[in-house]
Amino acid sequence: MQVLIANHGAYLSGIATTLWLCLYSGVLTLVVGTVIAGFRVSPLTPLRAFGTAWVTVFRNCPLVVVLFFMAFALPVLGLNASYFVFGTVGLALYTSAFVCEAIRSGINSVPAGQAEAARSIGLGFTQTLGLVILPQAVRSIIPPLGSVLIAMIKNSAIAGAFGVGGDLYMTGTRLSSAQGEAVVPVLIGVALGYLIITIPAGLLLGYVERKVAIAR
Amino acid sequence: MTEASTDSPMIRVSAVDKYFGSSHVLRNVNLEIPHGQVVVVLGPSGSGKSTLCRVINRLETVDSGSILVDGKPLPEEGRALAELRADVGMVFQQFNLFAHKSVLDNVTLGPTKVRGLSRNQARQEGMRLLERVGIADQADKYPAQLSGGQQQRAAIARALAMRPKVMLFDEPTSALDPEMVSEVLEVMAGLAAEGMTMLVVSHEMGFARRAAHRVLFMADGEIVEDTTPEGFFEAPESERARDFLSRILTH
Ligand SMILES: Nc1ncnc2c1ncn2[C@@H]1O[C@H](COP(=O)(O)OP(=O)(O)O)[C@@H](O)[C@H]1O
Ligand SMILES: [Mg+2]
Numbered sequence: 000m001q002v003l004i005a006n007h008g009a010y011l012s013g014i015a016t017t018l019w020l021c022l023y024s025g026v027l028t029l030v031v032g033t034v035i036a037g038f039r040v041s042p043l044t045p046l047r048a049f050g051t052a053w054v055t056v057f058r059n060c061p062l063v064v065v066l067f068f069m070a071f072a073l074p075v076l077g078l079n080a081s082y083f084v085f086g087t088v089g090l091a092l093y094t095s096a097f098v099c100e101a102i103r104s105g106i107n108s109v110p111a112g113q114a115e116a117a118r119s120i121g122l123g124f125t126q127t128l129g130l131v132i133l134p135q136a137v138r139s140i141i142p143p144l145g146s147v148l149i150a151m152i153k154n155s156a157i158a159g160a161f162g163v164g165g166d167l168y169m170t171g172t173r174l175s176s177a178q179g180e181a182v183v184p185v186l187i188g189v190a191l192g193y194l195i196i197t198i199p200a201g202l203l204l205g206y207v208e209r210k211v212a213i214a215r
Numbered sequence: 000m001t002e003a004s005t006d007s008p009m010i011r012v013s014a015v016d017k018y019f020g021s022s023h024v025l026r027n028v029n030l031e032i033p034h035g036q037v038v039v040v041l042g043p044s045g046s047g048k049s050t051l052c053r054v055i056n057r058l059e060t061v062d063s064g065s066i067l068v069d070g071k072p073l074p075e076e077g078r079a080l081a082e083l084r085a086d087v088g089m090v091f092q093q094f095n096l097f098a099h100k101s102v103l104d105n106v107t108l109g110p111t112k113v114r115g116l117s118r119n120q121a122r123q124e125g126m127r128l129l130e131r132v133g134i135a136d137q138a139d140k141y142p143a144q145l146s147g148g149q150q151q152r153a154a155i156a157r158a159l160a161m162r163p164k165v166m167l168f169d170e171p172t173s174a175l176d177p178e179m180v181s182e183v184l185e186v187m188a189g190l191a192a193e194g195m196t197m198l199v200v201s202h203e204m205g206f207a208r209r210a211a212h213r214v215l216f217m218a219d220g221e222i223v224e225d226t227t228p229e230g231f232f233e234a235p236e237s238e239r240a241r242d243f244l245s246r247i248l249t250h
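If you're matching them up, the sequences are chains A and B in order.
Sequential numbering of the first sequence, starting at 0, is according to numbering that gives the first Met the number 0.
Sequential numbering of the second sequence, starting at 0, is according to numbering that gives the first Met the number 0.
Just so you know, these hints were derived from the structure itself, not from any lab.
In this text the structure is predicted, and so the values were computed from the model without any measurement.
Check each hint, because a few of them may be wrong.
Said to hold, decoys possible - Residues from chain B that face chain A, not an exhaustive set, calculated with beta carbons under 10 Å: (1) M89; (2) F91; (3) L96.
Beta carbons: idealized from backbone N, C-alpha and C, even for Gly.
Just chain A, with the same shape it has in the complex:
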């Protein structure tokens, strides 16, 4: 366990990088996932088709392929950014497909009469979704959304391995391969690092879940 103590600085900065990566990705993926879920239930056929295509692509492509695309194909097309940006965006887009489906199933759990009543008083599509449907859907969205976000935190290791560098996973790799530390203790350190992020995230989700359950 000495490796943990000796390298606690590296671990801490690894945790910090992973946290930032997940925070940016998390916000982005929630926004994108919500918009795509809106597309999927929209009355406009082109938007629905776009939403369906989006989910089909990102849900069925391995994350590594999405990241490959971000890091190598986009620069060829003239889009350049740091690996951190590519990793964040790639992870967010990939996760957005799952966020979208969690939100969409929540939307479908709200009785159809609610949307009809909303439309019948003249609310538009976005208002109906935002003012009537989503507020009632949150309760059934939060639990699956929590699983999606925790999976995203773990998947951030793949983005890390891909070249974001300095995240928790890569810190472990560097310690064991470059500095020749014993693998098992290093990995235990990495695992602990992820638990330090995911367990509070899980507790936070549980808290939010209870909060929205009471609100009514």
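Got chain A sorted already, so can you dock chain B with the ligands onto it with the hints?
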């Protein structure tokens, strides 16, 4: 009615056909409702009464024919359609109050978000409407805390808050316990007396006799009879209407 010839009718349904898959739910329906008329629609279950209501504010689209509300054709989608819907109040069998909002917030949502009223104005007017339907004391409760009759009266207030030109009622009392039916019919009769144009799907004969100017009988997606309440209940012309009446009367 004389005003129908000079003015455009409030609702004009022309040659409307509607299919659900292969089932023909509205068959060449033609209907004109003048301003201020109260029309009661009766007919067996599955005859297309709800669908008729729902195509008039475009909760369902029609396959052919046209629908005009106050002289204007129903818009396809978007802003214009939302505006039309704001002018056409709808009351559902299952109330459909917004479950996450208080009764007063149910009533003020449309006026603030669609009509652009200030929150204060909307609340004042909302309270006035809740008083009118007799549930002002329930304003801060959630729908689930109200009885069925109170919920339906709240739903009527919600629709009225938009200041609609016409009100559609789809079996407003069918989901209610018997003792709550009259409190809802009372509110509806009041509206009718004030001159609101109304299309009411209901088998409440007392209401039809007291408040309606006209009765439509539907069967298999067609308007089979179009007559006065007295004419319909005392001397129905078609076999299907007699058959229908004998069944609702013996129960
Ligand atoms: N959304 C729908 N999808 C398919 N069929 C429907 C739908 N809504 C109604 N129908 C069918 O259309 C017919 C007329 O229904 P409806 O207008 O609800 O009749 P009513 O209100 O007179 O009982 C029925 O046969 C019903 O099964
Ligand atoms: Mg019906």
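Against the structure, the hints come out as follows:
1. For M89(B), the shortest C-beta to C-beta distance to chain A is roughly 4 Å, which falls under 10 Å, so the interface hint holds.
2. The beta carbon of F91(B) is positioned within 10 Å of a beta carbon in chain A (closest approach about 6 Å), and the interface hint is therefore held.
3. Annotation: interface hint on L96(B) holds; nearest CB of chain A at approximately 7 Å, less than 10 Å.
In summary, the structure agrees with every hint in the numbered list given earlier.
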